[in-house]
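Enquirer: Okay, here's what each chain looks like letter by letter:
2 protein chains.
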Amino acid sequence: MLIDGLQCGDFRRDIFEQLRDGGFTCVTNTLEFWGGAIDSLDAIGKWLDLERANSDIMTIVRSVADIKQADANGKVGILMGFQNSGMFQGRIRFPELFAQLGVRVVQLTYNIQNDVGGSCYEPSDSGLTRFGREIIGEMNTYGMMVDCSHVGERTTLDAIEVSQKPVAVTHANAASLKPHPRNKSDKVLQALAANGGVMGLAIYRNITPEAACDTVDGWAEMMARTVDIAGIDHVGVGTDAGHYVGTPELDWMRQGLWTRSEQYGAGSKVVATMPPPPSWLSDISKMGLLHDALTRRGFSAEEVHKLTAGNWLRVYESNFG
Amino acid sequence: MLIDGLQCGDFRRDIFEQLRDGGFTCVTNTLEFWGGAIDSLDAIGKWLDLERANSDIMTIVRSVADIKQADANGKVGILMGFQNSGMFQGRIRFPELFAQLGVRVVQLTYNIQNDVGGSCYEPSDSGLTRFGREIIGEMNTYGMMVDCSHVGERTTLDAIEVSQKPVAVTHANAASLKPHPRNKSDKVLQALAANGGVMGLAIYRNITPEAACDTVDGWAEMMARTVDIAGIDHVGVGTDAGHYVGTPELDWMRQGLWTRSEQYGAGSKVVATMPPPPSWLSDISKMGLLHDALTRRGFSAEEVHKLTAGNWLRVYESNFG
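Each protein sequence line maps, in turn, to chains A and B. So that you can map any letter, position 7 of the first sequence is 61 in my numbering, and since no number is skipped, the others follow by simple counting. So that you can map any letter, position 206 of the second sequence is 260 in my numbering, and since no number is skipped, the others follow by simple counting.
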């Protein structure tokens, strides 16, 4: 089994084929970065069409039982996720409705502050707002996992404290291994572990140590060092792989509708465009190399399973079993 | 059993109590007249809250099995319906999503033309549009019953022809018994019957013969004469009872956001305000008097069941069993 806590971009049929060939059991996708409720409904509708058009190789999953069924059928399971909470539009009643529509993962903020809390790029992080506390309560009740990737440190710590269910950081790395605002401090990782959560480790060059981009063994080593910080039960895979993400798509992700000025997201003026994938990961289907690399690094079969799938299954079970 | 094809207004707890005392098994409510998708999601969310607050006496039903379960539990079943199709916002993918959220009855138009077709008050009825045909296909696929109350004659006949499932006129009367643009011609009633549909008969004074407002036997007589036109399998109850509908609510129903000018809906300049209920129906809990009146009129027990519940159950089964 191989579970990826987050991917984004344009999922065409060849991507589903690569995911199947790469042995992916379940992938959380990104239905929206900037959309409100209507855009989010549009996105869900499109994914239901995409599922019908590719039903021989993929299936939308809504529960752990669905994931296991997809695995048994040799299909890639897609867990519907959002990298922002704009779909709620300030409404306490919307998590229940979007949960009914199959949404299982919602990141509290993307790159800018919203009505729920502060983002990792905000100069001052408000922490979780009163509405944010209400929304997490609803998400807990209706089986929607809280994702704190891209979320500011203070808001993340608040969310971990408030949430009655384990919280996820679906796609980031440890800041102590690669200093970057998008990455998570040891303090966050330890709080996340104490709450029972999981961080999925990324392959996105802008937030990943160079050695982890050079070889799969380097990436396995990064995973091992993150395990040293958070514990064997609290680390997973969350590649942040972006499919068919060119400059227009990257500009949209970074600028959305909030600014006319150039933005670099996790990049910088020097690294403004989409960086290449890790040298060892020419396409996503190579991700399956990770199992052997973790074994070479000295993890037992049971530990390899936890890191590549089992930890995600556990937090999924807790959130929307 | 007593099934009401349509009620509207503000359902407070005392209304649920009256419905329970009146022996109502299932009532289709009106979540919106003029709302788009967001308003409609808001309305669904509020009804889920209303259900939690009144779960001892009412329950939202989504299938015929749910209706039978509610009946067995002595609770009033509420079937979620809309008196307009604005929630779709021109989107072919939205019927599937709103069906997932439990919406089971959607009227194609309210009092004015929309992107689906023409209303009964429009000087020229366009008939069903291309989008209307697409939407009915989706409604048939995902278990949402087409309602042609308030819909223009040509659009209604088109909808009956296009729909692969029986169509409803949830709340109207026969125009040959009470001439009025809101009521349905014998031609429509016969087409509706041929398609297997049902018309629910109303108690709203503006569209109901005077004798049917005077006594329950008069109303049973109107039902018998409608059976002569449409057949015993195609007539039901659809009171159009409006709870706590005062002048502001009536103005909203009639003017919505589309006009500043005074509108009279089914009324007129002379009868501009909300007319009183039928003399025999001081409150909705008296509706149960109908069973005995139908028996006095000469209907058998089996026929009384069809007219008060069985015909609705049959079209519900066909549409969203």
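It should be emphasised that the hints constitute simulated quantities derived from the structure, not laboratory data. Incorrect hints may appear among the rest.
Which copy? The list can't say, so a pair holds if one copy fits it or any two copies do.
[What the hints assert, rightly or not] SDA-like cross-link-like pairs, simulated, lysine to any residue; straight-line CA separation at most 20 Å:
{"id": "1", "residue 1": "LYS219", "residue 2": "ALA124"}
{"id": "2", "residue 1": "LYS100", "residue 2": "TYR196"}
{"id": "3", "residue 1": "LYS323", "residue 2": "GLY300"}
{"id": "4", "residue 1": "LYS241", "residue 2": "MET328"}
Enquirer: Hints first: check each against the structure and report whether it holds.
Expert: Okay, the hints, checked on the actual structure:
no.	hint	in the structure
1	LYS219 - ALA124	neither (25 Å within a copy, 33 Å between copies)
2	LYS100 - TYR196	between (23 Å within a copy, 16 Å between copies)
3	LYS323 - GLY300	within (17 Å within a copy, 62 Å between copies)
4	LYS241 - MET328	neither (30 Å within a copy, 64 Å between copies)
The structure fails to meet hints 1 and 4 from the earlier list, while all remaining hints are met.
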